Amino acid sequence: EAAVTQSPRSKVAVTGGKVTLSCHQTNNHDYMYWYRQDTGHGLRLIHYSYVADSTEKGDIPDGYKASRPSQENFSLILELASLSQTAVYFCASSDRPVSNERLFFGHGTKLSVL
Amino acid sequence: GDSVTQTEGPVTVSESESLIINCTYSATSIAYPNLFWYVRYPGEGLQLLLKVITAGQKGSSRGFEATYNKETTSFHLQKASVQESDSAVYYCALGEPQGTGSKLSFGKGAKLTVSP
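If you read the sequences in order, they're chains A and B.
Note that this note's numbering gives residue 80 to position 80 of the first sequence, counting from 1, and the numbers run on in steps of one.
Note that this note's numbering gives residue 96 to position 96 of the second sequence, counting from 1, and the numbers run on in steps of one.
Take the hints with a grain of salt, since some may be wrong.
If you only want the chain A side, here are some residues facing chain B, beta carbon under 10 Å, derived [to be verified]: (1) 6; (2) 48; (3) 78; (4) 107.
Pulled from the structure, derived: some chain B residues nowhere near chain A, Cβ distances all over 10 Å [said to hold, decoys possible]: (5) 58; (6) 70; (7) 74; (8) 105; (9) 107.
Everything labelled a hint here was simulated from the structure, so no lab data went into it.
Quick caveat: nothing in here was measured; it's all calculated off a predicted structure.
Ideal Cβ placement from N, Cα and C applies to all residues, glycine included.
Model the full structure from these sequences, guided by the hints.
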């Protein structure tokens, strides 16, 4: 079974601090994604990547950076964390473009910015 | 833009009763997007429950069914008899190409609680 591992599982950060969320996949998938979920919203796409060393903006990229140093790893970086970035973050991977293919998700990272 | 509107939780159903979670969609770039239901069990990540990529077809998995209805732009999730183990959050999603990749648009999720 395909595996996507996120770390940490939960984190408390201070406003203005830097936060890095990590994601590692053992699926040999080309596509990786970062989503966030807030109460009252569906999952919203922040950044995605279809090849190592390249990232693309999703629907809500402001305030976030992404890094894909290898096929297996995809990080989400909050340079200056803000209260509004409190949410649950999901990483996912897929073998082909996600519109046709199933996504494999990690367990999620619960981020609280205080 | 694209959108998915679904029943929002919480939804509470007694064990062995029937279930329907409504989902309607609106796609802008293609006439017939791919449609999915994902489920998130407590403590787990989301996982695919079922998908249908052809209008008019029905998908099924673990006793759940959903039919792709292009006339009503709907993809409702149904189960004839739920179990406690079905308690989870259910997400309807729409997939379509976008630029260099593609995109999944998710509904807000419906939290289902099945009582014994």
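Cross-check of the supplied hints:
| no. | hint | in the structure |
| --- | --- | --- |
| 1 | 6 | holds, 8 Å |
| 2 | 48 | holds, 6 Å |
| 3 | 78 | violated, 21 Å |
| 4 | 107 | holds, 5 Å |
| 5 | 58 | holds, 18 Å |
| 6 | 70 | holds, 17 Å |
| 7 | 74 | holds, 17 Å |
| 8 | 105 | violated, 7 Å |
| 9 | 107 | violated, 5 Å |
Violation of the numbered hints given earlier is confined to hints 3, 8, 9; the remaining hints are satisfied by the structure.
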